[in-house]
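**Student:** Given the structure of chain U, go ahead and fit chain V onto it with the hints provided.
Residue strings, one per chain:
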Amino acid sequence: MRIFDPHIHMTSRTTDDYEAMHAAGVRAVVEPAFWLGQPRTSVGSFVDYFDSLVGWERFRAAQYGIAHHCTIALNPKEANDPRCVEVLDVLPRYLVKDGVVAVGEVGYDSMTPEEDDVFARQLELALLHELPVLVHTPHRDKKAGTQRTLDVVRESGVPVGMVVVDHLNETTIKAVADSGCWMGFSIYPDTKMDEDRMVALLKEYGTDRVLVNSAADWGRSDPLKTHKTGLAMLAAGFDESDVDKVLWRNPVEFYGQSGRLLLDVEEVGAVHAGTGNSVLRGER
Amino acid sequence: MTFHLGYGTNGFANHRLDDALAVIADLGYTAVALTLDLHHLDPFADDVAAQTKRVAARLSELGLRSVVETGARFLLDPYRKHHPTLVSESQEVRVDFLVRSLKIAADLGSDCVSFWSGIGTSWDRLKAGVSAVLDSEPPVPLGLEPEPGMLVERLEDALRLRSELGEPEALRITLDVGHCVAVEPVDAAACIRRAGDLLVNVQLDDMLPGVHEHLEFGEGHLDLPATLSALTDIGYTGVAAVELPRHSHAAPDVARRSFTALRTASWVAAAEREVRADPASLERLFAGAGRVDRAREDDLRVRLLEAYPGDLAGTLTTLYRHGSSAERRAVLRALGPVGARVPEVGVELVKDALRTNETGLVAAALGPFARDHLDQHSWRHGVLKCLFMGVPLDVVAGLAARTDEELLRMVAAFADEREAAGRAVPDDALALLRKAV
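One line per chain: the protein sequences are U and V, in this order.
Numbered per our numbering, the first sequence spans residues 21 to 304.
Numbered per our numbering, the second sequence spans residues 84 to 520.
Chain U on its own, in the form it takes in the complex:
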């Protein structure tokens, strides 16, 4: 099973996770920029975070044979803090970089006017840089938030095929399916979705335009949920090609629209940690 986790916050994960993910078949990930639990208080804090997403974290993932990409944005929660909003001015510098495959996570947290404004401005940036958009849907009042998200996307002029609306569930999938946007599902130990409910939705709605992710971060989460969903699909009668479509071909198709995927990770690969007399791959 080859797996592309289209939404996982590796900055919060250990090297044990990287090893386990690789063993389970994960060969590529997208790490969306998001909040970190502890609120940020300045633009500088964002800059260091973004730099790590295009630098250190990509290097760390490559050591475990995993191609690391990221999405860059001001997240909706911190869009409400005026000390953070100025980060919008530095986003363009990141949105031209290799391996930056979307603008995200954008969307709503509490559906404030500030969030409206920041969401709209970042959709404009996505249009300008011809990048896909990863939209987070709120934990609270999710159904209304999803509906409002779809309205804003429609008004923005960003093609629906360039947008994934994430963290969906049984109550929000239909509106997104009907909209033409891609549908993202986060499989969690307790909250959001679980593997079996995911399989039920795949049976009902099919495998087109569906992205399944672990969204693993600093909270209780499991970076192998993509793999477990693949196993659940097989147990429920889906074949290997269906699993490959959901867990590999779909994310490649969606994020491939950026023209920025770096899937040849073997080429930039790892350090020989042992003797040190081996070749340093990726060096010329």
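In short, the hints are calculated from the structure, not lab data.
We treat Cβ as the ideally placed atom computed from N, Cα and C, and that holds for glycine.
Some hints here could point you the wrong way.
Unchecked claim - One side of the interface only, derived from the structure: several residues of chain V facing chain U at Cβ under 7 angstroms:
| hint | residue |
| --- | --- |
| 1 | Arg329 |
| 2 | Ala370 |
| 3 | Gly373 |
| 4 | Asp376 |
| 5 | His405 |
| 6 | Ser407 |
| 7 | Ser408 |
| 8 | Arg438 |
**Tutor:** Coordinates of chain V only, in the frame set by chain U:
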């Protein structure tokens, strides 16, 4: 790009002509240099007219512009390669072949018939032969190609012959840019500018100075972006086709690699122009270079920095501070060619890179710039860090020259520590210590 990138069918000698044309077009080329040969539109075949008509239709269907090449090896003489030539006693055989080629070129709608002089000394005979072809019908332009080892070996020889013949309109120049590297006193770009409007056909390949061996791009000394830039500068609109006649055994792969190299070089040529004209474009081009050609991204970025006409110190700092790992690595590599202009900034960036734990950055930091500018203490720690991180020491420029007693003491202590822990000591460390003994 004002001209048409093509591939020579003499590099597809083990393919049927129809298949070769299809592969060439499929890879993205928009032109072909068609070498008339035994199994590729044989000009001596009974049905050559019908064959030509069919090939013309095929070229048109595939959207391929063409030139006709006449360098087949055993078409005229089964024993002697390329024989007879325009400087041979039986010159008329060659003249007859060239006239047949003119007819085929006219029927194909090709830009020209390309030819070379031959190995020999008889300048007058050569002139007579060329005149005979020029006086023949139909009036298709002729491209005289300077060829290493032949009577017309360099561009100046070809221009002299043309001048002595009274500068006939139909006699033009074919230039093989690899030959320029091998035998011309100036580079290919300068030859292209010298040939100027007379250029009717271009052959693309790499070569080493003094060695007439057609190589894939990157294997010799040709500056491909500068060469393509020169073609744009003179307003060349004809065919520029890859000439790799000894690579037929792997033709599709070689043709694909060549196309990638050409596409990359075209990007570099255009990007260098843009950076020179509008220095502010650097940041965007620099960031996007990896998407153009991942295998060559460092080289691309270094070239952009070499072309950059603005404030180098500030720009290197900004690109490094705001860069992804790959962008930072390229800034560090660029310090080799440009760092001496801004040594203080260069040292700052090298020290920053040596503080990171990214192997690629540490390795790139210890290149020729560090050899020449980094203080001894920092340099030693850089070398030691390589050993710690498993970075092979061949990335360190000037290792032998700068190694001193203190470094050897540090490496020996490192080896002791590893041994005490029961861990392997890197071979590079042992080699360094051995040399010192």
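**Student:** Now tell me if each hint is right for this structure.
**Tutor:** We went through each hint and held it up to the structure:
1. Arg329: violated, 26 angstroms
2. Ala370: At 4 angstroms from the nearest chain U Cβ, Ala370(V) passes the 7 angstroms test, so the hint holds.
3. Gly373: Since the shortest Cβ distance to chain U is 4 angstroms, the answer is holds.
4. Asp376: violated, 11 angstroms
5. His405: holds, 6 angstroms
6. Ser407: With a minimum Cβ separation of about 4 angstroms from chain U (threshold 7 angstroms), the hint on Ser407(V) holds.
7. Ser408: holds, 5 angstroms
8. Arg438: At about 12 angstroms, which exceeds the 7 angstroms cut-off, the nearest Cβ of chain U leaves the hint on Arg438(V) violated.
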